[in-house]
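Two chains, each in its own frame: build the complex with the hints.
Heads up: the sequence lines are chains A and B, in that order. Whatever position you read off the first sequence (first residue = 1), add 86 for our numbering. Whatever position you read off the second sequence (first residue = 1), add 190 for our numbering.
Check before you lean on any hint, since a few could be wrong.
Derived, one-sided and incomplete: chain B residues facing chain A with beta-carbon distance under 7 Å [as the list claims (entries may be wrong)]:
| hint | residue |
| --- | --- |
| 1 | 229 |
| 2 | 233 |
| 3 | 278 |
| 4 | 291 |
Calculated from the structure, these hints are not laboratory results. We treat Cβ as the ideally placed atom computed from N, Cα and C, and that holds for glycine.
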Amino acid sequence: DAGVTQSPTHLIKTRGQQVTLRCSPKSGHDTVSWYQQALGQGPQFIFQYYEEEERQRGNFPDRFSGHQFPNYSSELNVNALLLGDSALYLCASSLDFQRGYNEQFFGPGTRLTVL
Amino acid sequence: SQQGEEDPQALSIQEGENATMNCSYKTSINNLQWYRQNSGRGLVHLILIRSNEREKHSGRLRVTLDTSKKSSSLLITASRAADTASYFCATDSWGKFQFGAGTQVVVTP
Numbered sequence: 087d088a089g090v091t092q093s094p095t096h097l098i099k100t101r102g103q104q105v106t107l108r109c110s111p112k113s114g115h116d117t118v119s120w121y122q123q124a125l126g127q128g129p130q131f132i133f134q135y136y137e138e139e140e141r142q143r144g145n146f147p148d149r150f151s152g153h154q155f156p157n158y159s160s161e162l163n164v165n166a167l168l169l170g171d172s173a174l175y176l177c178a179s180s181l182d183f184q185r186g187y188n189e190q191f192f193g194p195g196t197r198l199t200v201l
Numbered sequence: 191s192q193q194g195e196e197d198p199q200a201l202s203i204q205e206g207e208n209a210t211m212n213c214s215y216k217t218s219i220n221n222l223q224w225y226r227q228n229s230g231r232g233l234v235h236l237i238l239i240r241s242n243e244r245e246k247h248s249g250r251l252r253v254t255l256d257t258s259k260k261s262s263s264l265l266i267t268a269s270r271a272a273d274t275a276s277y278f279c280a281t282d283s284w285g286k287f288q289f290g291a292g293t294q295v296v297v298t299p
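So here's chain B without its partners, still in its complex pose (with noise of 0.2 Å):
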């Protein structure tokens, strides 16, 4: 079983937009991470935000955390053409990580 949801399932944007994907997951965690994956290949960690933070920054990248919520969003800021990917949030519980079936992003020139 899964344990995040992500939405949208899919996400089609041009080139400079922002696009937004959010997780909402159901058991308590310690941390959330971010993970992008290109065409079936490794993924490969993009951020994590621990449960006591409410928003993190890294580069293009904007994360948010509400743990009442049980819920995180990822706003990906002036996209590129090379952003497009599936992008995956991971709960992490003391070593036990889930995934969520993931946000399938596009971005057009």
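Chain A extracted, bound-state conformation (with noise of 0.2 Å):
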């Protein structure tokens, strides 16, 4: 069973750019979390999906967007790249909390850098 997989591993843009980082989900699981982690600081939420809908949201600008497919994969989307933008973006996936479910399984992460 191929855990939480992320694509591309490492990316490389240039500020104003867009991004799309992709999440294919533990097999079975239906919630979708993605993360930013700055170096040396914790994972921040960005937003939730859950049945192709953003359930719930962290401090982010509209400039995260993000999708959730028919078979439970995520997109996230970044828009005018700043240098701030900089991070690793984890994405983990869960079983929908409302069934008493809570552990999150996370993916190894994109590195994404901003120049």
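Take a look at the structure:
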């Protein structure tokens, strides 16, 4: 059983560009959350998707948007990139928390560098 | 903003010693989880404690939760060099997770 997978592993972009990151959840999981982790910091919650809808959102601007597909995979899009968007982007999957399952399984992350 | 605050920020111990780290948070939660991260890679779930639980054990890990003080502690007993990593607490408020800044633990042989 493949765990959570993310692509690409590394990405280099320039300011003002747009980027799309991809995540495939662990088999059987229906909920995907995205996090941004700056160097030396803890992960910051961006948003969570369940049943193709954004269910929860952290304190991130509208430049950060996402999508969840019927197969539960997800994309994170960031527009008008800023230098401060350079970070490790982590995807986590879980079962719907309303069913009482709360453990999140994390992917290896995508390292985004904005020049 | 980060909900959890871990203390200490860094911890250096020798193999065989115990490592204790603490986490404080601000809002109501339905559970609190601890994760480990090695060298900027993905996080690994260690243990979950629900808001109605006070203590939980898993192998060499012991977690406590005091909801009145909004704090939790993680104890790793008989530490090993392989325990070297960053440890994060994460609060779960009905599906919304918030992580602390982490405790960096170094275990020397």
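**OP:** Would you list, in rising numerical order, the hints stated earlier that this structure does not obey?
**Re:** Number 1 - this is the single hint that the structure violates.
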